[in-house]
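For reference, the chains in residue letters:
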Amino acid sequence: MNRTQTSGQWRGWLYVAPALLFVALFVLIPFGQLAAMSMTDRSLLGGGRFIGLGNYVRIGNDAGFWRALLFTVKYTAVLTPILMILGFALALLTADNTLLKRLTRTIVFLPVVIGLSSSSLLWFWLFDEQVGLLNKLLVDLRVIAQPIVWFASADLAFWAVVISITWKVVGFGMVLFIAAIQSIDREILEAAVVDGAGYWRRAFFIIVPLSRRIILLATLVSAIGSMLAFDQFYIMTSGGPRGRTFTAVYWIYQNSFVSFRLGYGAALSIVLTLIILAFSTLQIGLTARSEAR
Amino acid sequence: MTGAALAPEAPALAAARRRTPAAFAVAAISIAVIAVVASPIVLSGLASIKTAADAAAIPPHYLPRALSFENYAKVIRFQAGLATYVGNSSLVAAMTIAACLALAAPAGYGLARFTMRGREVAFLLLLAPIMIPYQAILTPLYLDFAKVGLVNTRFGLAIVHTILQLPFSIYLMRASFEAIPREIEEAAVMDGCSTWRRLTRIFLPLAVPGLVTVALFAFINSWNEFLAALILMNRDTSFTVPILLVSVRAGKFGAVDWGALQASVIISIIPCLAVYLALQRYYISGLLSGAVK
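Protein sequences, first through last, are from chains A and B.
Heads up: the first sequence runs through residues 104 to 396, numbered per our numbering.
Heads up: the second sequence runs through residues 6 to 298, numbered per our numbering.
Some clues are possibly wrong.
Each pair of labels, with its calculated beta carbon distance range [claimed, not checked]:
1) ARG122(B) to ILE291(A): 41 to 47 Å
2) GLY155(A) to ALA62(B): 56 to 62 Å
3) PHE160(B) to ALA120(A): 17 to 23 Å
4) ASN239(B) to GLY157(A): 28 to 34 Å
5) TYR67(B) to LEU259(A): 20 to 26 Å
6) ALA283(B) to GLY155(A): 53 to 59 Å
7) ARG316(A) to ARG70(B): 52 to 58 Å
8) THR25(B) to ARG205(A): 17 to 23 Å
9) TYR67(B) to VAL160(A): 54 to 60 Å
10) ARG316(A) to THR25(B): 31 to 37 Å
11) LEU202(A) to ALA99(B): 33 to 39 Å
Short derived list, chain A residues pointing at chain B, Cβ under 8 Å [claimed, not checked]:
12) ILE210
13) SER221
14) THR376
In silico negatives: residues of chain A with every beta carbon more than 10 Å from chain B [what the hints assert, rightly or not]:
15) GLY155
16) VAL160
17) ARG161
18) TRP169
19) ALA180
Derived by calculation from the structure, the hints in this document are not laboratory data.
On a predicted model such as this, the values are computed, not experimentally measured, just so you know.
Here a beta-carbon is modelled for each residue, glycine too, at the ideal position from N, C-alpha and C.
Looking at chain B on its own, in the form it has when it is part of the complex (with noise of 0.2 Å):
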């Protein structure tokens, strides 16, 4: 075998050895791990299309027999319709995103630009939602969001969803302050700039990626998160979307409408991949920095 999967080496060295069996090999192992991995989302999305009586068909064909949007009609006139619960996510992942920026970007500044006794301290505190699983807490949280009128809300399910993300958010925005120089600082302190307006005119114009990074995944487990919103969300015209498919799969008569289902199931995960797609980048570098660094 020769080098061919290893980066590592110097450009000639792989170029040299690029057209080995072995490199041959390699590439097809990729061909065939992409084929793999892509087609039970292919699968789903064709099936999405099928006709309700060809997606309901045993035994089951792999490629639609005719083209057909029925399935996605069933699913926008849904219950109280899908308008209404891709509105529900979008407002819950929206204010989780706002509250993760909002309490992040300041604690990171805080602990990143600041020497306090016990700094330390205030940091694993901070980190306790990683100790303390939310599954954990969800019984006290529903009873004392019963007493306050937040079951059923959006702004309930956002706050969950940002105690999930804060660890993460505060993290990363701790890492991004601190890798910026102090020189850069210092020419502000000279000029004589509050802290306030340190924070808003030099690091978070510098800490944008940290930002986007922050936003992004706040979305993707806002939009995803499935057990609190179970739980906290129990009104049909209160659902999320990963509620909604449950309900899609669990139908009216009991008989599972499998086009609809698979309908769903795409336009679920359409908003992620797109997202993820457009902003790879600073996905994979947020991955990066929350588990290894």
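In isolation and in its complexed conformation, chain A is listed as follows (with noise of 0.2 Å):
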């Protein structure tokens, strides 16, 4: 570390007050009446009597939460795998910098800059069973004989928003995997092929360890932000059909400002602040290991 030990210390801590008041204010305080609000029955129209951990114990019986958040869980878990799997082979496939293979990370990243509300609304359409080009290209392929209404299925929306997800957003493992492949010793890789190791032995034998911290890194950043999805199933599915694809944010959300149970709203926004905390805290901590080495 080489930093200069420069005046007193007050001078530094006036440098760094502003951006902590403004946390403070922003974010450290909204969340204590966040958690004070989680403990009355207070509604958009007012109450806000104290109910001790009334909302807690409703949260328990709320088979609704239970199903989001196992809905949510099952999200995380299926499309985490599939973005690093696709991602690292994506990565392997366009890890050295002739032409080709950059102009194709490029394209493939470009839909991760796009906005989510974007990218949702335009599958919508293409999953649309009239007028979606995806229809109509699956009917021209003979791979189905008539167009899919997929939002009438929960199974077939949450693939839905499972294959517009990983267009959005296969490209940011990619990226991420690009330069821990690039960042090998090229002599170890070398060593392999004297050694007459085969493109795919060095890839899972050397590739893939030599890049295990990033793939955890990788995966965390992703599953963090697939247990807080919501703006993809607000706009593809509305929560439907008959509610089953509400995720954990956007049964909150329902409760919060649909319902406008704010009291109850905020109690399981501590229960969702406390499950992304376990993650957040790792990806922290990783990250502080990963700096120190």
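Relying on the hints, combine the two individually framed chains into one complex.
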């Protein structure tokens, strides 16, 4: 570490203070308010009577919340491996800097920078049973006999969202993995070539193990994003059919801003925060460790 | 298989292998990947320049029958007018960029260049928005904002977008300042420069790539953010572009105007693609330092 020890302590704090104040004012205090609100029966119309842990007890009996949480976990458990494996495959495909490979990389990454609302509406159109070009393509290729009504079935709707999100974010993992692959000492790989290790052996036994830290971090970042999913379901499925595609955040949104059960929504938010905290602590710990290395 | 997909091989080695069947297979896969990933955006673009009737045709056609800008004309005149919505999004993004730079640059400087007791605690506090997802605190923020008249204001939304972006921005600025050699600073100390002059005359000019990266991420994430805008901007003159998209789909009488929808999708993604393609290097390096280092 090369930090120049300059002047008094207070000067350093002076530079950090505005950001600290901002975080205190707009994150920590609201979080305190959230915790307090979670112990009341507050609604948008009023209320606010202290009811202790009543809301938390109620969560235990809220089948809708558990279904939404389970759905979110399933979504995360299905999507994350797809993103990581496909992302790694694309990184292997495009890791060196030929023109075609750089072009492939740039194109695969493009959807990462567009909005989730834009990509969700784009795919909502592609999946439509009447005007959707994906259905038309599948019919033209004789994969299906007639257009599928994707959003009428919870399973198909789930896969429609998974497909659209894979398209949207697979480039994120890819870019991280390319950096990992490019940072591997070329002598190790050349030695393996001399030893007669074929391409796939090198990929599985050298490149993947040496990239494991980045794979772990990318998995965590990706999983946190999926656990907080909202936009894509709000736009593509509206939680349907029959409320079977609500995510945790979507359920909180429904309670807080549609049914105006603010106190109860606050309790749900606290539970969600604790779940995310487990992931993000791991993430920050890992980041700090690789920094200290 | 050969190692044609691997960067770390000697160029001569790679060149000798370039014409093998495996290399052709890799090139073919790359082109297929480009086609699959690019086609949704290309098809959306083509749909946006169909006539409204053609865009709503059942079954749909891949290509426009005739060129028409009536979908764009419709979006431009939609509700309060496209200019209002693009104006809202641009102003929110500009304020978010300004706030992120104004808070993160000094904070990064303080954390990188001063040895204060409790510095790491301060750093962890500044990362609080990662541990407390903003989705969880939107209810108290909404109620607080309602009290002080910040609901339906661009300033209020910019505050929320700054919360989202601040941990990454501070992390990046700290790393940028730490990378500047201490010798450069020591010369300034000899010359008797104050810490503030050192920040503005030496550190900021040397950290321009970091500042550009912070601004770039602030722009893209603010422009695309959906949930906070959905909750805070509920008047049809205060919508941002992502909310405009959803209301274009909702349309006037329930039937989706597919042509106008694809026109609005294209309008929403053009700024992101343009900024990303122009500043790709900064985007990728920011992504890597944010998630990996």
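Going through the hints against the structure:
1. Restraint check, ARG122(B) to ILE291(A): a C-beta distance of roughly 43 Å satisfies the suggested window 41 to 47 Å.
2. At roughly 60 Å, the beta-carbon separation of GLY155(A) and ALA62(B) lies within the given 56 to 62 Å, and the hint holds.
3. A C-beta distance of roughly 21 Å is found between PHE160(B) and ALA120(A), which places it inside the suggested range of 17 to 23 Å.
4. One distance hint, 28 to 34 Å for the beta-carbon pair ASN239(B) and GLY157(A), holds here, with the actual separation near 29 Å.
5. Separated by about 23 Å at the C-beta atoms, TYR67(B) and LEU259(A) satisfy the suggested range of 20 to 26 Å.
6. Against the hinted window of 53 to 59 Å, the Cβ-Cβ separation of ALA283(B) and GLY155(A) comes to about 55 Å, which satisfies the hint.
7. For the pair ARG316(A) and ARG70(B), the supplied restraint of 52 to 58 Å holds, since their beta-carbon distance comes to about 53 Å.
8. Between THR25(B) and ARG205(A) the C-beta distance comes to about 21 Å, which sits within the given range of 17 to 23 Å.
9. Take TYR67(B) and VAL160(A): their Cβ atoms lie about 56 Å apart, and the range 54 to 60 Å holds.
10. Checking the proposed 31 to 37 Å range against ARG316(A) and THR25(B) shows it holds: the Cβ atoms sit about 33 Å from each other.
11. Checked against the given bound of 33 to 39 Å, the beta carbons of LEU202(A) and ALA99(B), roughly 36 Å apart, stay inside it.
12. For the restraint placing ILE210(A) at the interface with chain B, the shortest Cβ-Cβ distance is roughly 5 Å, inside the 8 Å limit, so the hint holds.
13. Hint on SER221(A) holds. Least Cβ distance to chain B is approximately 5 Å, under the 8 Å limit.
14. Checking THR376(A) against chain B by beta carbon gives a least distance of about 5 Å; that is within 8 Å, so the hint holds.
15. GLY155(A), annotated as away from the interface, keeps every beta carbon of chain B farther than 10 Å; the closest lies near 19 Å.
16. Taking the minimum C-beta to C-beta distance to chain B, about 20 Å, the non-interface status of VAL160(A) holds against the 10 Å cut.
17. No Cβ of chain B comes within 10 Å of the Cβ of ARG161(A); the nearest lies about 17 Å off, and the non-interface call holds.
18. Non-interface status of TRP169(A) relative to chain B is upheld: no Cβ of that chain comes within 10 Å, the nearest being about 18 Å off.
19. The non-interface label for ALA180(A) is consistent with chain B: the shortest C-beta to C-beta separation is roughly 19 Å, beyond 10 Å.
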